[in-house]
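Peer 1: Chain residues, written in single-letter form:
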Amino acid sequence: MEWTKDKSTGLSIICVYIFALLLLAADISAPFLLEWSNRLIPSDPSHGVYALITLYSASIFAWICLYLLWRLLHNLKGGMVFTTENIRLLRGISWCCATVAAVFLVSMLYFLPYFVVAAAALFMMLIVRIVKNIFQQAAEMKSDLDLTI
Amino acid sequence: MKIIVNIDVMMAKRKISAGDLAERIGITPANLSILKNGKAKAIRFSTLMSLCHELQCQPGDILEFRED
Numbered sequence: 001m002e003w004t005k006d007k008s009t010g011l012s013i014i015c016v017y018i019f020a021l022l023l024l025a026a027d028i029s030a031p032f033l034l035e036w037s038n039r040l041i042p043s044d045p046s047h048g049v050y051a052l053i054t055l056y057s058a059s060i061f062a063w064i065c066l067y068l069l070w071r072l073l074h075n076l077k078g079g080m081v082f083t084t085e086n087i088r089l090l091r092g093i094s095w096c097c098a099t100v101a102a103v104f105l106v107s108m109l110y111f112l113p114y115f116v117v118a119a120a121a122l123f124m125m126l127i128v129r130i131v132k133n134i135f136q137q138a139a140e141m142k143s144d145l146d147l148t149i
Numbered sequence: 001m002k003i004i005v006n007i008d009v010m011m012a013k014r015k016i017s018a019g020d021l022a023e024r025i026g027i028t029p030a031n032l033s034i035l036k037n038g039k040a041k042a043i044r045f046s047t048l049m050s051l052c053h054e055l056q057c058q059p060g061d062i063l064e065f066r067e068d
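If you read the protein sequences in the order shown, they are chains H and E. Note that this note's numbering numbers the first sequence so that position 121 is 121, with each residue one more than the last. Note that this note's numbering numbers the second sequence so that position 63 is 63, with each residue one more than the last.
Just so you know, these hints were derived from the structure itself, not from any lab. No experiment lies behind these values; they were computed from the predicted model shown. Hints should not be assumed to be uniformly reliable.
Each computed DSSO-like pair below joins lysine-lysine, with the alpha-carbon atoms no more than 30 Å apart [as the list claims (entries may be wrong)]:
no., chain 1, residue 1, chain 2, residue 2
1, E, 2, H, 142
2, H, 5, H, 142
3, E, 15, H, 132
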């Protein structure tokens, strides 16, 4: 079986669906998981509420991020690569990562290990921003090329 | 300052239509229109050569530099 770019994009779209399912499962099971972890390692009951606020706030941006990724991949599948819409989508994804990082940075006030998640989200934001910058330059070059007769 | 494309003038002098010219130089009428309207960002030497050949003129007859 030959591996083509269409198949690769298709695989990425499937991965987005898998992540959406995982996120849905996490959203549904979050209260039960917290209750279970509280029984294993008893802690301040207010921390459970804070943790739920943190997780559901981050979840909103994770859903937005997945939706933007889904749209981006469909554009790529349709042959629209270096377009202003894709740059806008990448910027959106980057802001989602930044917001998730901010949520977890604030949550460090009650649970310090969230620092790891915040750092990972910030690093992801940086990568997406650089990809966005590359797309921006490529879109300008494409526009030049399109208007070269 | 800008570069003015005077293809219209040369086309009128040689009495050639846009469709004919586009076909002869091997570009699409849409691209010729972009060139004529001054929306093009660049012109290939090969396109310029074909234009000069078909319109029997020099590059200077087609392109003009104008100060603002």
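Peer 1: Within a Cα-Cα threshold of 30 Å, do residue 2 (chain E) and residue 142 (chain H) meet the stated pairing?
Peer 2: With a Cα-Cα distance of about 22 Å, the restraint between residue 2 (chain E) and residue 142 (chain H) holds, given a limit of 30 Å.
Peer 1: Under the criterion that the straight-line Cα-Cα distance not exceed 30 Å, is the pair residue 5 (chain H), residue 142 (chain H) satisfied?
Peer 2: Distance of about 20 Å is within 30 Å: holds.
Peer 1: For the pair supplied as a hint, residue 15 (chain E) and residue 132 (chain H), confirm whether the alpha-carbon distance does not exceed 30 Å.
Peer 2: This hinted pair is violated, its Cα atoms lying about 49 Å apart.
Checked against the numbered hints given earlier, the structure breaks only hint 3 and satisfies all the rest.
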